[in-house]
Structure formats: C-alpha cells, structure tokens
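K.L.:
Residue numbers (my numbering): 84 to 496.
Mixed in with the good hints, there may be bad ones.
Label-pair distances were calculated between CB atoms; the ranges are [stated by the list, open to error]:
| hint | residue 1 | residue 2 | range |
| --- | --- | --- | --- |
| 1 | P259 | L455 | 50 to 58 Å |
| 2 | K446 | E205 | 45 to 53 Å |
| 3 | R319 | D280 | 13 to 21 Å |
| 4 | K235 | G370 | 30 to 38 Å |
| 5 | G356 | L489 | 38 to 46 Å |
Straight-line alpha carbon distances no greater than 25 Å define the calculated DSS-like cross-link-like pairs of lysine-lysine that follow [what the hints assert, rightly or not]:
| hint | residue 1 | residue 2 |
| --- | --- | --- |
| 6 | K430 | K383 |
| 7 | K465 | K430 |
| 8 | K442 | K430 |
| 9 | K365 | K465 |
| 10 | K453 | K383 |
| 11 | K487 | K365 |
| 12 | K480 | K465 |
| 13 | K446 | K235 |
| 14 | K430 | K382 |
| 15 | K382 | K442 |
Calculated directly from the structure, the hints in this document are not laboratory data.
Where is the CB? At the ideal position from N, CA and C, for every residue including glycine.
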Amino acid sequence: MKVLVLDPRLAGVSGDMLLSSLVDLGGQVDELYHLVDVMLQVFRGCEAELEVFDVERRGLRAKRVELKVYRDYGGASPLDFRGYVEELARKAELSSEARGLALRALDELIDAESSVHGVPRENLRLHELLSLDTALDLVGAALLLDRLDVFKDARIYTTPPAVGGGVVECSHGVLPVPAPATLEILRRHRFKVSSVDVEAELTTPTGAALLVSLAEEVVDVYPPMTIERVGYGAGRRDLGSTPNVMRVVYGSRHEASGDRVVVLETNVDDVPGELLGYLVDKLLRSGALDVAIIPAVGKKSRPISIVRVVSDPATCMSIAELLMEEAGTLGVRLLETPRITAEREVKEVDVEVCGRRFKVSIKVSRVKGKVLNVKAEYEDLKRISEELGMPLRRVAKIVDEAVKRLGLKGVDG
Numbered sequence: 084m085k086v087l088v089l090d091p092r093l094a095g096v097s098g099d100m101l102l103s104s105l106v107d108l109g110g111q112v113d114e115l116y117h118l119v120d121v122m123l124q125v126f127r128g129c130e131a132e133l134e135v136f137d138v139e140r141r142g143l144r145a146k147r148v149e150l151k152v153y154r155d156y157g158g159a160s161p162l163d164f165r166g167y168v169e170e171l172a173r174k175a176e177l178s179s180e181a182r183g184l185a186l187r188a189l190d191e192l193i194d195a196e197s198s199v200h201g202v203p204r205e206n207l208r209l210h211e212l213l214s215l216d217t218a219l220d221l222v223g224a225a226l227l228l229d230r231l232d233v234f235k236d237a238r239i240y241t242t243p244p245a246v247g248g249g250v251v252e253c254s255h256g257v258l259p260v261p262a263p264a265t266l267e268i269l270r271r272h273r274f275k276v277s278s279v280d281v282e283a284e285l286t287t288p289t290g291a292a293l294l295v296s297l298a299e300e301v302v303d304v305y306p307p308m309t310i311e312r313v314g315y316g317a318g319r320r321d322l323g324s325t326p327n328v329m330r331v332v333y334g335s336r337h338e339a340s341g342d343r344v345v346v347l348e349t350n351v352d353d354v355p356g357e358l359l360g361y362l363v364d365k366l367l368r369s370g371a372l373d374v375a376i377i378p379a380v381g382k383k384s385r386p387i388s389i390v391r392v393v394s395d396p397a398t399c400m401s402i403a404e405l406l407m408e409e410a411g412t413l414g415v416r417l418l419e420t421p422r423i424t425a426e427r428e429v430k431e432v433d434v435e436v437c438g439r440r441f442k443v444s445i446k447v448s449r450v451k452g453k454v455l456n457v458k459a460e461y462e463d464l465k466r467i468s469e470e471l472g473m474p475l476r477r478v479a480k481i482v483d484e485a486v487k488r489l490g491l492k493g494v495d496g
C-alpha cells in the first residue's frame, strides 16, 4: 500500500501551496497547463495564464504555482460556481474519486461560509471566494493526485496544520486569524492544529477544505513507511525566520506496519443473547474493525458480558454512542493503542466445485514477502455451500486445495 503524508505543521496550507507541493512531488506540469486552457473554456470571458517556477524560502528550494488573472470570474452564486467546477472536472477527465474530492472541498467552503454568515447556501454571495484561483486549486490538486494514482491505493495522512495569528483584511473588513471560515471547517471535523509564532494567515479556507477532504488521519509523527518522493510547495509571502513552505511525502507502507486503533469496552449484565448478536452485526456494519463478546464475572459474582470493539480513531466516538444506545450501558472505556498489521491483499480466483465454476475472493497475508496465511472469504464459501447444498466444511477444503493448485504468488503447494 502507498502512503501520502501532507505536512503543513510549519507554515500551514493554502490551495496554491498544496498545488505547488504536488507539482514538486512529480505532478505533470503539462497537465496543469492544459487544465488552465480547459478552465478558460468553461469560465467563458475570463483571461489568465499559469506560471510554475522555483523559489527559495529560508534556504529551502520549493516550487511555486501562480495563476496570473487578467479577467476573473465575476459571479457570486456558489451554486452556479459549483456547476462550473463540476464541468471543469468532467472535461479534464478526472476519475470519479478525484471529481468527488474537488466537489467535497468546495462544499466544505460553501457550507462554512453559510454557517459563518448565517445565510442559506442558495442566498450566499461570495465574490472573493468564487474565483479562477479557487477553481484551479480544487480541480488542480484533484488532477495531480489522480495522476499520481493516490486514489487507487494510498492512505493519506496529515500533520496538524499551523493556522497563524494576528488579523487579515478581506472584503468584510479586518478579521482575526484563523479566518472564521477556516475555523469553522476545522471545528466541524475536530481537526487538530499546531501553534507557531507567526502573525499571518497560514491556513486559508481553501487549504483547510482540501485538507479535511483528503486526510484520513491526523498524526503528530509520520507513519512507518519507506520514503520515495518529497515535494515542497511555497507560499507567496516571506514569514521571516519561518520558511513559508508545506511539504508532501510519498512512499510505501512497510509490509509489517503499524497504525493506531481505539479499543472500546463496556460491561453489560442484562442484555439477552439475541440482542448481543444484533449488536455485533450492527457495530460491524457501522465501521467497527472487530467485535468480541467475552463472558466474565462482575460485581456480586453476577455473570456479565464484556463487549470489546476495535475501531479506527476517526470513528470511535460514533461507535461509542452506538454502544450506549443499543446496549443501554451508561459508560464506555476508550483506550488508544498501537497496532502492528501484516500486509494484506485480496485476489479473486476461479475455482471448480462439483463441476461448476465459482469466483472466490482469497485473502493473502505477508510479512517481508513470506506468506503467513491464505484464507478464502467466508461469504463466498457460504454462497457456494448454499447453491450446491454442500456442507461448508467440505466446500472450504475443496477451495483450499484448488487455491494451492492455482499457485497463488507466494503460496506453497
């Protein structure tokens, strides 16, 4: 699996800084120039040209992407602008995942402005936000990530972004930093931020919107990975002793790699077995990574059940709420802990069972290239068993022997 780390903890993130860092990472500049040509066809009557060049920020070389705008988009309706961005993403032949990113980030921006100003989306007028710059930042970042195949097989992390301090001037007057829209976006996602002593706007609304739409996890230290490429993107201003750059790091996850999970536990003593079975099923359908029901003895020697759930940190609060609602428990214990996992892949193979061909998903687990386990997907075995009226145990044995004969990579036999 590939890993992409966005690192805005020193100088924050803006749309153009992210775009610049992706270009430096290895993004195809020609595709970006072509995107601007398409953008000027979509936003008729506008005039602009793209410049990509190297700069130095406190001794660090970085890429800088600037859009020189001579005649900007003059509309103020967010819904009209969203239609243009959607058309641009489609004409630029972005994948559905990349189009989704651009539109999610734009919706984050619009919703934040709507909340801050107390005005419904359809009544908002956002001359400053609705610009060619914003369209390029959103669709350009999605395009470069798409061409790097990030959406196919990569987990995306970010470090906490620096937000800055002081005040900023905009069309509404003088506002504190972080700007209200930036703060609203970060608040909605309970996003961790970092603190640097810089009197400037470091993270912009567009940068924040892209960050929350992209990142799957906020980390203080890089995940275990083999680093393959690093890209540096520069901001416009000089921040004194702080280099005004963000970086993106691309690489591969270690075959035996670590991440962090949250273990949730609660004790129940008055929940019938059938309801516990329903609870297990609902927890798994709601995103739990694993669920176990453990019989134990509680206060006054009463028999109890310990419900133990393993969850991703991003979903642990919703899992805890579900536990309390469904089990009627008054409290849930949460423990964040490291986890070591083997590299896993799923292969789909054709196997013959009793003269009929079936497609079966096979899970293969490896560490340092050595196969630890090969296992057929239970639901596929169950489907074959029911279709043939054959015992599940016998189906599993036939499929196991067929997999060995097929000689899956790394599988003995």
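K.L.:
Are the hints correct? Go through all of them and say.
P.N.:
Status of each hint after checking the structure:
Between P259 and L455 the beta carbon distance is about 54 Å. The supplied range of 50 to 58 Å therefore holds. With their beta carbons about 48 Å apart, K446 and E205 fall inside the hinted range of 45 to 53 Å. At about 20 Å, the CB distance of R319 to D280 agrees with the hint of 13 to 21 Å. For K235 paired with G370, a C-beta distance near 22 Å fails the hint of 30 to 38 Å.
Between G356 and L489 the CB atoms are about 40 Å apart, so this pair conforms to the stated range of 38 to 46 Å. Taking the CA atoms of K430 and K383, the gap is about 51 Å. The hint is violated against a cut of 25 Å. About 18 Å separates the Cα atoms of K465 and K430, which keeps this hinted pair within 25 Å; it holds. For the proposed pair K442 and K430, the alpha carbon gap of about 10 Å is at most 25 Å, so the pair holds.
For the hint pairing K365 with K465, the CA-to-CA distance comes to about 20 Å; that is within 25 Å, so the pair holds. Our distance criterion of 25 Å between C-alpha atoms is broken by K453 and K383, whose separation comes to about 49 Å. In summary, the hint linking K487 to K365 is not supported, as the alpha carbons are separated by about 35 Å, beyond the 25 Å threshold. Straight-line distance between C-alpha atoms of K480 and K465 comes to about 13 Å, which keeps the hinted pair within the 25 Å bound.
Only pairs whose Cα atoms come within 25 Å are accepted, and K446 paired with K235 is accepted, the gap being roughly 19 Å. Pair hint K430 plus K382 does not hold up; C-alpha atoms about 48 Å apart against a cutoff of 25 Å. For the proposed pair K382 and K442, the alpha carbon gap of about 50 Å is over 25 Å, so the pair is violated.
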